[in-house]
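**Student:** Protein chains in written order, with my numbering: chain A, 1 to 399; chain B, 1001 to 1195.
Check the hints yourself; a few may be wrong.
Unchecked claim - Chain A is faced by these chain B residues, among others (derived, beta-carbon under 8 Å): (1) I1063; (2) M1073; (3) M1129.
Said to hold, decoys possible - Below, a sample of chain A positions facing chain B; criterion: calculated Cβ distance under 8 Å: (4) E142; (5) E189; (6) R326; (7) V339; (8) A366.
Since the hints were made in silico from the structure, they are not lab data. Predicted, not measured: the structure shown is a model, and the values here were computed from it. No residue lacks a Cβ here, since even glycine has one placed at the ideal position from N, Cα and C.
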Amino acid sequence: MSSLGHVTPQSRHFAEPLPLRSGAQLADYTLVYETYGTLNAARSNAVLVCHALNASHHVAGTYEGQPRSEGWWDNLVGPGKPLDTRRFFVIGVNNPGSCFGSTGPMHLDPATAKPYGARFPVMTVEDWVDAQARLLDALGIEQLAAVIGGSLGGMQALAWALRHPRRLRHCIAVATAPNLSAQNIAFNEVARRAIVTDPDFHGGHYYEHGVVPKRGLRVARMIGHITYLSDDVMASKFGRMVRNGDYAYSTQDVEFEIESYLRHQGDKFSEYFDANTYLLITRALDYFDPAREHGGDLTAAFAHAACEFQLVSFTTDWRFSPARSREIVKALLDNRHRVSYAEIDAPHGHDAFLLDDARYHALLRARFERIAHEADAPGGPPPRTAPEGTQRAPEAANV
Amino acid sequence: MSERKDMELIAELVPPGSRVLDLGCGNGELLALLRDRRRCSGYGVEIADDNILACAKRGVDAIQLNLEEGLAMFEDQSFDVVLQLDTMQHLRNTERMLRETARVGRIGIVSFPNFAHWPNRLRIATGRMPVTKALPYEWYDTPNIRVGTYTDFEVLARKDGLRVLDSFGIQDGRIVRRFPNLRASVGVFKFERSA
């Protein structure tokens, strides 16, 4: 049950084109976002929550008239919750390219007056962060108390620390990685091929044909879902349970409960998610690699970060394993940045970051408690100065 | 024995302003003390969830790691001081951790229960394992799997090429420098790698 009550999304239009990593630009776009709580007079209590693959700006609360519309991180965000909206001004932004309101492939391309479809520019994690920064400019928020995200959202939190080092005091990156492994990219590629080879895909311009490549989306979601769960949790939830008590000796009907579960998840997903968005977001995941422009040296990549870091991983998460979080921790230690790291022994695999494990939430509660004290401190929070020689990211210059 | 008093005595060994790594930092009390009283910075390493939470509440940075897996995350000589207080006796790979301590820190500081403290000797003489304030467990449930003596540590330090800079015993919150192997329940060593 949500304790935040009813929330209402807002939107803001940006006329100035957003330059993208690819060299392309996103002309004339809209960002949809939600905010909870109140921005204090010092504007020091804002927390940005970054969403992962299939989530949105709807982080917490419910929509009026839609009783089962809790936000995706409602167990974390709300009055009295670990990220307490009585103390913080919490912002959730739908990333461009997504399919929940912000400008995406299903919207009209001003250049052609037709839906973007496959022509929507490829977005990177850094591009999203820049778009989020522009929204903060518009909201009059110079510096965030914290940026928090899990999985792909955690990558955005890290990118904030690297790209706009002085615009956040704390980076909380959960169940994330400094880049995707080959195995991870491989899973994404299987998902993309499922979508692209669906006859209803029409090279990404399926909107014009009035169809949706649902078969591809279903398979994409099924493979994704397998990687979000641990072997243990699948075993305990489904094991080898057979749907109808005994084998039906059919190769095509649902036999095992796990098949039924995956098909259900796939069906549900294909009803609301956009296929082009799925391609774009998995690509953003693939491309994220802050060490790349430093010759693969992650320590060098983090040299100019200026915030404090909290990393969290989950022991049974094999998609974004603890070893990947430790790589980030090491790079931060090498740079003598302030960093804490918790490895939560949870059975749920990658999904654990969305669940309310008591140890995990107690830790985030303690962290936010301290961040709130800083934000409320008379005279404002302690200044964050980047290490010597740090240049402010040019993207942040238009504040 | 007063743990807080012991901690304060050991904190005196840490040069002010040091960058410290506290292996087995517990609830972060020592790191907070070093931060508040001696302007030190650094991190703790802990395995237990409740201690990681306690550190977060204190605002002490802690890294959740199993020390048995080594300190691969930490570069050579990357800390002024590496502390290993009341931790060594819980580790299977005691000697390796001692070497790692000396690798990562310019100075190492360890403390551990001294098995040769006289009440332990008396107890052994009666044919039973000691159960004391410093070693409060029965032999069958003790987490102290590597009990040694003050003198044993001197031997190990020599073997591993560690130069002892200072050492003493602690008993009842007081430093013991005369016959510490007999008179102290806790041994403390400050050392560096021999060149």
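**Student:** None of the hints should be skipped; say for each whether it holds.
**Tutor:** Now for the hints, and whether the structure bears them out:
At its closest, the beta carbon of I1063 of chain B sits 5 Å from a beta carbon of chain A; the interface hint therefore holds under the 8 Å criterion. A distance limit of 8 Å between C-beta atoms decides the matter here; for M1073 of chain B the minimum to chain A is near 5 Å, and the interface restraint holds. Proximity of M1129 of chain B to chain A is violated relative to the hint, the smallest CB-CB distance being about 32 Å (cut-off 8 Å). Because the closest C-beta pair between E142 of chain A and chain B is about 24 Å apart, greater than 8 Å, the hint is violated.
A distance limit of 8 Å between C-beta atoms decides the matter here; for E189 of chain A the minimum to chain B is near 31 Å, and the interface restraint is violated. Taken as an interface hint, R326 of chain A checks out: its beta carbon lies about 6 Å from the nearest beta carbon of chain B, inside 8 Å. About 6 Å separates the beta-carbon of V339 of chain A from the nearest beta-carbon of chain B, less than 8 Å, and the hint is met. A distance limit of 8 Å between C-beta atoms decides the matter here; for A366 of chain A the minimum to chain B is near 4 Å, and the interface restraint holds.
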